[in-house]
Amino acid sequence: APRLPAVISHPSRKVNLAPDEFVAALADTIAQLAPPTEGLRLVGRRHLRSNNSWMHNLTKLATGRGRCALWMHPDDAEAHKLTAGAVATVRSAAGEITAPIEITTRVRPGVVSLPHGWGHGQAGTRMQVAAAHPGSNYNQLASAEQLDPLSGNAWLSGLPVEVSLCDEQP
429 APRLPAVISH
439 PSRKVNLAPD
449 EFVAALADTI
459 AQLAPPTEGL
469 RLVGRRHLRS
479 NNSWMHNLTK
489 LATGRGRCAL
499 WMHPDDAEAH
509 KLTAGAVATV
519 RSAAGEITAP
529 IEITTRVRPG
539 VVSLPHGWGH
549 GQAGTRMQVA
559 AAHPGSNYNQ
569 LASAEQLDPL
579 SGNAWLSGLP
589 VEVSLCDEQP
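Per my numbering, residue 429 is the first one in the sequence shown, and the count goes up by one each step.
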């Protein structure tokens with residue numbers, strides 16, 4: 429016997445695609461997605477040769493130019509007095525990391541982008557090839573206390589960050 433109509437039935441005889449919890453959280457969600465009025469927002473990205481961190485331990489895929497660079501729009505780089513190849517300190521409320529700067533128009537002003545899945549230089553890493561190209565750990569900038577209000581997942585995209593020239597340049 430068909431069961432689905434009884435499970436999704438509502439007095440209006442329509443399927444409720446906007447539960448009250450979602451509607452109540454919508455204003456906060458829209459506010460989080462709004463372009464920053466000041467400061468920078470960090471978003472992640474993937475690269476074809478390193479979609480997953482285990483790919484960093486394959487010699488053939490680990491060759492070539494480094495892929496763990498912080499992308500920054502030319503306008504922001506100029507405003508922060510940063511140049512391509514310089515090492516920057518990226519700070520959030522939860523922590524800080526360093527990463528080389530790549531200036532590009534592939535991100536909009538106010539946004540910086542760092543790939544996920546790096547940080548292989550930390551103690552306990554058992555991947556020799558990956559440890560030779562450690563990169564910066566994006567997750568060190570995320571807080572365990574900051575959660576997406578709608579899903580309850582870790583807040584990993586659009587993190588407010590400060591970017592400045594690292595005191596120790598290579």
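Hints in this document: simulated from the structure, not taken from any laboratory. The reader is advised that the hints may include incorrect statements.
Computed Cβ-Cβ distance ranges for the label pairs, DEER-style [claimed, not checked]: (1) E596 x I458: 39 to 47 Å; (2) G513 x A582: 28 to 36 Å; (3) E590 x I436: 25 to 33 Å; (4) P537 x G472: 15 to 23 Å.
We put the beta carbon where it would ideally sit given N, CA and C, even for glycine.
How the hints compare with the structure:
no.	hint	in the structure
1	E596 x I458: 39 to 47 Å	holds (40 Å)
2	G513 x A582: 28 to 36 Å	holds (31 Å)
3	E590 x I436: 25 to 33 Å	violated (47 Å)
4	P537 x G472: 15 to 23 Å	holds (18 Å)
The earlier numbered hint that this structure contradicts is number 3, and it is the only one.
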